[in-house]
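Protein chains: 2
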Amino acid sequence: MSGLRRAAARAWGPPRALRAFSARPRDRIVETVGKLLQTKAQLETEEGKKNFILKTPKGTQDFSPKQMAIREKVFSTIINCFKRHGAEVIDTPVFELTETLTGKYGEDSKLIYDLKDQGGELLSLRYDLTVPFARYLAMNKITNIKRYHIAKVYRRDNPVMTRGRYREFYQCDFDIAGQCDPMIPDAECLKIIHEILSALQLGNFLIKVNDRRILSGVFAACGVPESKLQAACSTVDKLNKMTWEDVKNEMVGEKGLTPEAADLIGEYVKLHGGLDLVEQLLQDPRLSHNKLAGEGLRDMKLLFEYLMLFGIVDKISFDLSLARGLNYYTGVIYEAVLIQQQNDRVEELVDVGSVAGGGRYDGLVGMFDSKRQKVPCVGVSIGIERIFSIVNCKVKASKEKIRTTETQVLVAAPQKHFLAARLKLISELWDAGIKAEMLYRENPKLLKQLHYCEDTGIPLAAIIGEQELKDGVVKLRDVATRQEVDIPRQKLLEEIRRRLES
Amino acid sequence: MSGLRRAAARAWGPPRALRAFSARPRDRIVETVGKLLQTKAQLETEEGKKNFILKTPKGTQDFSPKQMAIREKVFSTIINCFKRHGAEVIDTPVFELTETLTGKYGEDSKLIYDLKDQGGELLSLRYDLTVPFARYLAMNKITNIKRYHIAKVYRRDNPVMTRGRYREFYQCDFDIAGQCDPMIPDAECLKIIHEILSALQLGNFLIKVNDRRILSGVFAACGVPESKLQAACSTVDKLNKMTWEDVKNEMVGEKGLTPEAADLIGEYVKLHGGLDLVEQLLQDPRLSHNKLAGEGLRDMKLLFEYLMLFGIVDKISFDLSLARGLNYYTGVIYEAVLIQQQNDRVEELVDVGSVAGGGRYDGLVGMFDSKRQKVPCVGVSIGIERIFSIVNCKVKASKEKIRTTETQVLVAAPQKHFLAARLKLISELWDAGIKAEMLYRENPKLLKQLHYCEDTGIPLAAIIGEQELKDGVVKLRDVATRQEVDIPRQKLLEEIRRRLES
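As you go down the protein sequences, you meet chains W and H in turn.
In short: position in the first sequence from 1, add 193, done, that's this note's numbering.
In short: position in the second sequence from 1, add 193, done, that's this note's numbering.
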């Protein structure tokens, strides 16, 4: 029995059924699965017709015009910042070959959405924008680029919609790929986070910074063997959700560290501060022997120097408890959180969690290259859904009225039988680039037309009736002040433009 | 044996294997399928590691910064037009419950991408933006909206990348939903097509118009039974790809019409013209008895009246061969094609096919409503991928240089050891909203920095070195003219803004 056939047998269970897989096990499986799924679909269609529920898939949402208006404002702030820093923009397909994503996300791989095997390639929805970016670089042999990418990604996670956790959500990524001198692009990524969070006026924030090399050094110095490094890292990453006691228990229980090692780690991951802490650790005898930790600390010092020149060092905290979950980071890592001044204490707004994060990943592109050619990368991802949920709350609280269209003029008529006149006039406005609407009725009531302006925030109404047509004028009404002036037809465009500018 | 178990038995084949499906056939199928697919995945991982190909999935593509720059220009032309007509914007998830899409696309349903059943809901990637729009309206009980939606849709079609046919592609949809007086929003949709195709300067174009009710009337008048109407319609739709002889053969052979009926249809679908043709058909004794055809023709007359007022009637052709494939249209339908003047003949640019299309679909929203409440809709979809392939060719031919960033200033240094000065200066520029870049090197050569400006089209270089630092100035260089002027540091922002404005 070949290895392949043994594998098939294990999966199927009863050995009797195995006789079906006589010649080519893979093809037989495909065929059988196809037939079974067809049957299942049939069963479900019958059940489904009775109780079809009108909804979007779990963990996803529609965006109404009002939500889109808020989104577009936030997006434009972010895009402006990315462009200010000279980024180009790329786009990649929403799905990738399943193999492209395999082995990139560690424990989180189980959250990847796979497409059904409908014959042809095996596909999965993208889980983030970083792996497709690395695939893009390797595939096109690009060794130097600064790009942003704003697109939806997909995770079969447990959705918590109220806290901005969805199965379909946007990521806004900015990355710098290429050989650079140490910490210059890394510092720019932190500057970008600072600029965006400041511009969005989300309140006070803090950017935690650490380095995977420093963490490795700490773990090594505390006696964690190399093989358990990644596991220890992902446990430390839970410190913002769990107490130290629970984290320690997981380290000792599940991850198999000694209690002594865990306690020693506990001493380190409590530390946070500024340049002084970097200097202090550079003197630490346990770390000074560790090559990686030394490199990380020296780079951290350089980073602080650059952030000082950028004038943003007061928002930066060198925090040894920051680990970040993903496998692919190799150097500096960072995460921004919103904080709240309560009495005398500074508190993290745990409700929203991190609103931006990123780090250096020098090995990812090489994983796609047949010659393992490395392209060093560093990047930042803005946690846009959490930011939306905060901005939405702020907008609701302020009772600010949000316009969902940009219409400047409503073309209206005060009497019946002026549809032709309205159509002719609105066509002139459109052709002149003026944003104009009319009601889709032959004979709408004037009051209804004016109410429409007020409801949707249209500032001007261009009214055309019997008298206006006779006099060769259009009555231009300022919706807010209710003032009306007759404007000669040939001066109308000019007058509308004048009013909209002021 | 129940019907369900019989179905399962048929799918599986050998009755012996059926013993496994004893209790709950659906659950057993799910379990078995899961195990089998796991085995298949295992087999394929083993195979795959050996021959992993670095590529995007079949029928999809990455967009490079240059392509994105062209795309963004085209998109902004289209979005400007939609906004000029007072449209709001919405967004919906990339996948829908499979049931939402079921029964909406007729023969094309086989092209829908399904997601793998990973436990939970059965999902499919959206096939167009119209069905999700109808689902959105019904779900939120919206009876009145004018919205646009620009997003990617997915079809497992045979890709022809050179002609702009992809498996993942953008649709740009504008739709008006709600009770309106006849043909007013319909006429606006045609005006929108006219505005967009004119603004994009793609060359001459023609908008073909027809009405599903007129087509029904013609088929009925030619003796096609009601039951074969849809089939006849989708055959007529192939007239732009097939000769009339082949279409006739399909009608008689596959669709079961009589040769006489087919010949009579042939006489009608040859017809195209303007208002005169509408008038002529209104007098046609065969059609005048048909209620639907009469309604359609009277509305077509009204439409021409409105299009006359919009001044676009010269680009409109009432064309009885236009059928459009999709099931859901109920009234007016239209399709825009690019045409070429060759010698004396006007010829369709068959290479690209239609660049915009749409129509009225008054029944679709009702399909989602439990009370079958109808919301009349009419809309237009811009065939953006075909437009891109044309614009791309034009750009290539013109050898126009396309900038992929908007950077205004490169911060440079002429000597070594001026990284700190550069970082400080660029930070000031960013904070003032100026788009600025620097090379990520401690000590880049001046020539390299200036070449970077020329390569990427950056118009200004702000140079800071020993002398400049001493004098409290920055040397501002115009990259095109190579002129350099010393500007006092406190006047730099002002001077840069002045230069960028002029």
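Heads up, some of the hints might be wrong.
If chains are identical, the list can't say which one is meant, so a pair holds when it fits in one copy or spans any two.
Stated by the list, open to error - With a straight-line Cα cutoff of 20 Å, these simulated PhoX-like cross-link-like pairs (lysine-lysine) come out:
id, residue 1, residue 2
1, 228, 594
2, 463, 276
3, 494, 484
4, 276, 494
5, 276, 628
6, 617, 508
7, 494, 617
8, 248, 334
9, 248, 567
10, 334, 259
11, 641, 592
12, 448, 668
13, 259, 276
14, 228, 309
15, 434, 448
16, 594, 668
17, 266, 276
18, 508, 592
19, 228, 303
20, 564, 248
21, 431, 463
22, 587, 663
23, 228, 251
24, 668, 276
25, 431, 421
26, 484, 259
Hint data in this document are derived by calculation from the structure and do not stem from the laboratory.
Here is what the structure says about each hint:
1. For the homomeric pair residue 228 and residue 594, neither the shortest alpha-carbon distance inside one copy (55 Å) nor that between copies (54 Å) is at most 20 Å.
2. Neither within a single protomer nor between protomers do residue 463 and residue 276 lie at most 20 Å apart by alpha-carbon distance, with minima of 38 Å and 53 Å respectively.
3. Taking CA atoms no more than 20 Å apart as the test, residue 494 paired with residue 484 passes inside one copy only; the shortest distance there is 16 Å, against 83 Å between copies.
4. Proximity of residue 276 and residue 494 under a CA criterion of 20 Å is satisfied in neither setting, with 28 Å inside one chain copy and 50 Å between copies.
5. Taking the shortest alpha-carbon separations for residue 276 and residue 628, only the inter-copy value of 7 Å comes in at or below 20 Å, while the best intra-copy value is 28 Å.
6. Taking CA atoms no more than 20 Å apart as the test, residue 617 paired with residue 508 passes between copies only; the shortest distance there is 17 Å, against 58 Å inside one copy.
7. Taking the shortest alpha-carbon separations for residue 494 and residue 617, only the inter-copy value of 17 Å comes in at or below 20 Å, while the best intra-copy value is 69 Å.
8. For a Cα distance limit of 20 Å, the shortest separation of residue 248 from residue 334 across copies, 12 Å, qualifies, whereas the shortest one inside one copy, 43 Å, does not.
9. In this assembly of identical chains, residue 248 and residue 567 lie within 20 Å of each other by CA distance solely across copies; the values are 18 Å between and 45 Å within a copy.
10. Proximity of residue 334 to residue 259 under the C-alpha cut-off of 20 Å is restricted to the inter-copy arrangement: shortest distance 16 Å between copies versus 42 Å within a copy.
11. For a Cα distance limit of 20 Å, the shortest separation of residue 641 from residue 592 qualifies neither inside one copy, at 25 Å, nor across copies, at 53 Å.
12. For the identical chains of this complex, residue 448 and residue 668 are neighbours neither inside a copy (78 Å) nor across copies (59 Å), given an alpha-carbon limit of 20 Å.
13. In this assembly of identical chains, the alpha carbons of residue 259 and residue 276 lie at most 20 Å apart only when taken from different copies (15 Å versus 26 Å within one copy).
14. Proximity of residue 228 and residue 309 under a CA criterion of 20 Å is satisfied in both settings, with 14 Å inside one chain copy and 15 Å between copies.
15. In this assembly of identical chains, residue 434 and residue 448 lie within 20 Å of each other by CA distance solely inside one copy; the values are 18 Å within and 65 Å between copies.
16. Within a single copy, residue 594 and residue 668 get their C-alpha atoms no closer than 27 Å, and across copies no closer than 47 Å, so neither meets the 20 Å cut-off.
17. With identical chains, the CA atoms of residue 266 and residue 276 are at most 20 Å apart both within one copy (15 Å) and between copies (16 Å).
18. Taking CA atoms no more than 20 Å apart as the test, residue 508 paired with residue 592 passes in neither setting, with 31 Å inside one copy and 47 Å between copies.
19. For the homomeric pair residue 228 and residue 303, the shortest alpha-carbon distance between copies (16 Å) is at most 20 Å, but the shortest distance inside one copy (26 Å) is not.
20. Within a single copy, residue 564 and residue 248 get their C-alpha atoms only as close as 48 Å, which misses the 20 Å cut-off; across copies the closest is 16 Å, which meets it.
21. For the identical chains of this complex, residue 431 and residue 463 are intra-copy neighbours only, at 13 Å inside a copy versus 71 Å across copies, given an alpha-carbon limit of 20 Å.
22. In this homomeric assembly, residue 587 and residue 663 never come within 20 Å of each other (Cα to Cα): the closest approach is 51 Å inside a single copy and 48 Å across copies.
23. When the C-alpha separation of residue 228 and residue 251 is checked against a cutoff of 20 Å, the pair qualifies neither within a copy, at 27 Å, nor between copies, at 25 Å.
24. Taking the shortest Cα distances, residue 668 and residue 276 never come within 20 Å of each other, neither inside one copy (43 Å) nor across copies (24 Å).
25. For the homomeric pair residue 431 and residue 421, the shortest alpha-carbon distance inside one copy (16 Å) is at most 20 Å, but the shortest distance between copies (64 Å) is not.
26. When the C-alpha separation of residue 484 and residue 259 is checked against a cutoff of 20 Å, the pair qualifies neither within a copy, at 54 Å, nor between copies, at 42 Å.
Hint compliance for this structure: hints 1, 2, 4, 11, 12, 16, 18, 22, 23, 24, 26 are broken, all remaining hints hold.
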